[in-house]
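These protein sequence lines are chains Y and E, in that order. In short: position in the first sequence from 1, add 200, done, that's my numbering. In short: position in the second sequence from 1, add 8, done, that's my numbering.
Since the hints were made in silico from the structure, they are not lab data. Where a beta carbon is used, it is the ideal one built from N, C-alpha and C, also for glycine. It cannot be assumed that every hint is accurate.
Stated by the list, open to error - With a straight-line cut-off of 30 angstroms between C-alpha atoms, the simulated DSS-like cross-links for lysine-lysine are:
| id | chain 1 | residue 1 | chain 2 | residue 2 |
| --- | --- | --- | --- | --- |
| 1 | E | Lys218 | E | Lys243 |
| 2 | E | Lys226 | E | Lys13 |
| 3 | E | Lys218 | E | Lys13 |
| 4 | E | Lys13 | E | Lys353 |
| 5 | Y | Lys517 | E | Lys13 |
| 6 | Y | Lys483 | E | Lys177 |
| 7 | E | Lys40 | E | Lys13 |
| 8 | Y | Lys517 | E | Lys353 |
| 9 | E | Lys40 | Y | Lys317 |
| 10 | E | Lys177 | E | Lys192 |
| 11 | E | Lys226 | E | Lys244 |
| 12 | E | Lys244 | E | Lys218 |
Claimed, not checked - What follows is a list of derived Cβ distance ranges for each label pair:
| id | chain 1 | residue 1 | chain 2 | residue 2 | range |
| --- | --- | --- | --- | --- | --- |
| 13 | Y | Ser267 | E | Ala37 | 18 to 28 angstroms |
| 14 | Y | Asp338 | E | Asn314 | 25 to 35 angstroms |
| 15 | E | Thr142 | Y | Leu455 | 51 to 61 angstroms |
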Amino acid sequence: MSWIEAIFNILVNPLFYQMTLLSATPFIFASIGGTFSEKTGVTNIALEGIMLMGAFVSIVFTYLTGSPWLGVLMAVVVGVGFTWFHAWASIRWCADQIVSATAINIIALGLTGFLMKPIFGNEGRTDYIGRVQNIKLDFLKDVPFFGEIFYDLSPFVYLALFSVLFSWILFYRTPLGLRMAAVGENPEAADTLGINVSGTRYFGVLAGSAFASLGGAFLAVGELGSFGENMIHGRGFIALAAMILGNWNPVGALLASLLFGAAEAMNLQLQSSSIVSVPNTVKPLFNMLPFIITLIVVAGFVGKSRAPAADGVPYEKKG
Amino acid sequence: MKQNKLYAFLVPVVSVIIALLIASIIIMAVGKNPIEAYSIMISGAFGGSEQLANTLVKMTPLLLTGLAVGFGFRAGIFNIGAEGQMIMGALLGAIVAMNVGSIPSVIAIPVCIIAGMLGGALWASIAGFLKAFTGAHEVITTIMLNWIAVNIASFMVTGPLAVGSGTPKSPEIADSAKLPIVLKVQASEMSIAIFIAVVVAIIMYIYLEKTTSGYELKGVGFNPYAAEYGGISIKKSIIMTMAISGALAGMAGIIDILGVAPNRFVGELSGGRGFDGIAIALIGRNNPIGIIFAALLIAALRTGSNAMQVQAQIPDDIVSIIQGIVIFLVAAERIVYTIMQLNRKKKGSVAA
Numbered sequence: 201m202s203w204i205e206a207i208f209n210i211l212v213n214p215l216f217y218q219m220t221l222l223s224a225t226p227f228i229f230a231s232i233g234g235t236f237s238e239k240t241g242v243t244n245i246a247l248e249g250i251m252l253m254g255a256f257v258s259i260v261f262t263y264l265t266g267s268p269w270l271g272v273l274m275a276v277v278v279g280v281g282f283t284w285f286h287a288w289a290s291i292r293w294c295a296d297q298i299v300s301a302t303a304i305n306i307i308a309l310g311l312t313g314f315l316m317k318p319i320f321g322n323e324g325r326t327d328y329i330g331r332v333q334n335i336k337l338d339f340l341k342d343v344p345f346f347g348e349i350f351y352d353l354s355p356f357v358y359l360a361l362f363s364v365l366f367s368w369i370l371f372y373r374t375p376l377g378l379r380m381a382a383v384g385e386n387p388e389a390a391d392t393l394g395i396n397v398s399g400t401r402y403f404g405v406l407a408g409s410a411f412a413s414l415g416g417a418f419l420a421v422g423e424l425g426s427f428g429e430n431m432i433h434g435r436g437f438i439a440l441a442a443m444i445l446g447n448w449n450p451v452g453a454l455l456a457s458l459l460f461g462a463a464e465a466m467n468l469q470l471q472s473s474s475i476v477s478v479p480n481t482v483k484p485l486f487n488m489l490p491f492i493i494t495l496i497v498v499a500g501f502v503g504k505s506r507a508p509a510a511d512g513v514p515y516e517k518k519g
Numbered sequence: 009m010k011q012n013k014l015y016a017f018l019v020p021v022v023s024v025i026i027a028l029l030i031a032s033i034i035i036m037a038v039g040k041n042p043i044e045a046y047s048i049m050i051s052g053a054f055g056g057s058e059q060l061a062n063t064l065v066k067m068t069p070l071l072l073t074g075l076a077v078g079f080g081f082r083a084g085i086f087n088i089g090a091e092g093q094m095i096m097g098a099l100l101g102a103i104v105a106m107n108v109g110s111i112p113s114v115i116a117i118p119v120c121i122i123a124g125m126l127g128g129a130l131w132a133s134i135a136g137f138l139k140a141f142t143g144a145h146e147v148i149t150t151i152m153l154n155w156i157a158v159n160i161a162s163f164m165v166t167g168p169l170a171v172g173s174g175t176p177k178s179p180e181i182a183d184s185a186k187l188p189i190v191l192k193v194q195a196s197e198m199s200i201a202i203f204i205a206v207v208v209a210i211i212m213y214i215y216l217e218k219t220t221s222g223y224e225l226k227g228v229g230f231n232p233y234a235a236e237y238g239g240i241s242i243k244k245s246i247i248m249t250m251a252i253s254g255a256l257a258g259m260a261g262i263i264d265i266l267g268v269a270p271n272r273f274v275g276e277l278s279g280g281r282g283f284d285g286i287a288i289a290l291i292g293r294n295n296p297i298g299i300i301f302a303a304l305l306i307a308a309l310r311t312g313s314n315a316m317q318v319q320a321q322i323p324d325d326i327v328s329i330i331q332g333i334v335i336f337l338v339a340a341e342r343i344v345y346t347i348m349q350l351n352r353k354k355k356g357s358v359a360a
């Protein structure tokens with residue numbers, strides 16, 4: 201089978217589109233999380249670490265309580281609490297936001313690795329702990345193509361799509377959204393108008409971290425049902441690229457996430473032997489696909505999309 | 009001015025102390041004794057000549073990655089991709105080192121090191137070019153380049169370079185490319201690598217503090233617009249900085265293959281040493297001499313934590329936690345200032 205034929209066969213298979221949706225889900229959550237934070241003027245390259253923490257906590261509480269939904273809830277609670285340190289350093293102490301977020305990423309990596317043994321008794325990867333059940337829409341089952349994509353999906357996929365709608369309305373149709381934009385574009389002016397700059401920024405960073413935690417929880421209790429060290433695998437950074445490509449707009453972030461999801465799905469499909477046979481040694485080269493696409497996108501679009509004017513700039517009240 | 013210099017020294021020191029205290033609470037939380045843990049750590053890192061040799065061997069690539077990240081910081085660039093540059097440096101250097109045959113060591117060794125530096129420099133330059141010409145942030149591009157490098161490495165050791173069975177690995181490098189061993193204690197061997205790394209640190213110190221070019225570089229980091237107004241090309245400076253930073257990381261990658269058994273390229277080097285470089289640069293305040301001491305500290309933590317893992321069953325991930333907290337506190341150094349000032353006020357009121 202030729203390469204072109206193989207890629208064509210993948211593209212006409214509904215499975216590819218279902219996998220695209222699933223692969224895009226963590227990117228959607230995390231890129232919206234990043235958008236919340238950066239809208240208010242605080243950069244957040246800690247998405248990777250927050251997602252890792254979310255994944256870990258969701259599995260821990262599923263393990264302890266037997267309820268994956270409780271795990272998801274705790275992932276959000278702990279994820280927000282953990283990110284508070286980044287918000288506090290960035291807003292209260294005017295820290296270098298890139299460096300402080302890097303610290304968050306490294307602490308997440310260390311803390312989850314450190315706690316694996318005491319909690320689960322083994323390192324590396326946990327056993328299967330449990331996962332959130334898929335939503336089965338039986339009436340779609342017999343619809344060709346479209347039905348095959350949608351009839352059996354994780355509720356996280358719907359939650360992610362709902363998050364796009366929710367955040368779009370919040371950003372563009374509510375006073376809070378306008379305040380967030382004001383604080384991110386021109387904090388001095390916003391302050392003069394009586395807007396609470398640091399309060400709004402705390403809201404942006406922490407609400408954003410709730411979404412990023414959901415993205416991490418999806419990878420753990422939504423998909424695999426287990427936790428592995430460093431399992432986010434750079435997705436937090438790809439989500440940042442999706443945020444940039446999406447021009448700090450939730451709908452843009454959704455489309456960019458779908459692009460990156462498609463790259464990941466294509467990689468997985470090319471590697472699955474039923475469609476095209478690839479020698480094992482070449483497989484690592486396919487794994488580069490999503491990262492190379494991200495690199496090209498970041499390089500190609502960063503000048504054309506526009507970040508909030510005060511993104512990454514600490515604000516100190518004068519006098 | 010003097011006060012500032014004192015603070016510059018005190019902030020990292022106090023940060024490390026706070027991080028060790030917080031880590032001890034975490035150690036207690038999992039039911040272990042932190043005092044015992046830390047004493048195992050110290051004797052594991054410095055307890056005898058074997059331990060000391062291990063620490064110095066570990067310190068060598070850490071010192072070089074610390075210099076790589078620190079050099080970038082001085083010019084206002086956050087090179088978070090030392091990991092990938094180490095891999096590409098190790099890969100290119102190792103390929104050369106496998107093929108130097110019977111060329112005398114005085115030529116073979118420098119050629120291999122230069123090949124390693126070139127590998128790292130070229131890899132980092134990709135991020136440099138993208139930043140200079142498209143504005144793509146180096147944090148995202150270098151992280152992507154890290155993952156790409158990891159996959160290239162694993163392709164090379166399972167494909168074109170693979171030898172033998174079991175763990176993927178390349179062939180052993182030629183004997184003439186191996187660094188001379190200066191100290192041999194039981195199973196531990198120490199090559200001249202550490203001296204090379206220290207010399208590199210001193211050269212970097214002289215470059216940054218005593219040359220015009222180094223002064224320009226710092227100027228770009230301090231205020232890029234003023235520097236450009238003063239006639240320095242920012243684009244050229246970004247690419248050069250990234251390339252030099254990558255060359256240092258590449259050197260870190262190749263030096264371990266030339267100096268440490270089994271003298272093979274084994275793919276993903278990791279242990280997260282690229283990230284260690286960030287902590288080291290920040291603790292050393294991006295000053296090459298400070299970075300020497302910071303690298304020693306982190307190497308001691310790493311070596312000691314191995315002993316701690318074996319003897320006290322405390323996972324060595326604790327070192328990442330400690331590093332993360334130090335990085336956090338150095339980033340938000342005003343927290344540390346405030347803590348130090350509170351302490352002084354307390355002492356003041358007691359005296360009064």
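Evaluated hints:
{"no.": "1", "hint": "E/Lys218 - E/Lys243", "verdict": "holds (23 angstroms)"}
{"no.": "2", "hint": "E/Lys226 - E/Lys13", "verdict": "holds (18 angstroms)"}
{"no.": "3", "hint": "E/Lys218 - E/Lys13", "verdict": "holds (19 angstroms)"}
{"no.": "4", "hint": "E/Lys13 - E/Lys353", "verdict": "holds (21 angstroms)"}
{"no.": "5", "hint": "Y/Lys517 - E/Lys13", "verdict": "holds (27 angstroms)"}
{"no.": "6", "hint": "Y/Lys483 - E/Lys177", "verdict": "holds (17 angstroms)"}
{"no.": "7", "hint": "E/Lys40 - E/Lys13", "verdict": "violated (38 angstroms)"}
{"no.": "8", "hint": "Y/Lys517 - E/Lys353", "verdict": "holds (25 angstroms)"}
{"no.": "9", "hint": "E/Lys40 - Y/Lys317", "verdict": "holds (13 angstroms)"}
{"no.": "10", "hint": "E/Lys177 - E/Lys192", "verdict": "holds (25 angstroms)"}
{"no.": "11", "hint": "E/Lys226 - E/Lys244", "verdict": "holds (14 angstroms)"}
{"no.": "12", "hint": "E/Lys244 - E/Lys218", "verdict": "holds (21 angstroms)"}
{"no.": "13", "hint": "Y/Ser267 - E/Ala37: 18 to 28 angstroms", "verdict": "holds (24 angstroms)"}
{"no.": "14", "hint": "Y/Asp338 - E/Asn314: 25 to 35 angstroms", "verdict": "violated (55 angstroms)"}
{"no.": "15", "hint": "E/Thr142 - Y/Leu455: 51 to 61 angstroms", "verdict": "violated (21 angstroms)"}
When the structure is compared with the earlier hints, violations turn up for hints 7, 14 and 15 and for no others.
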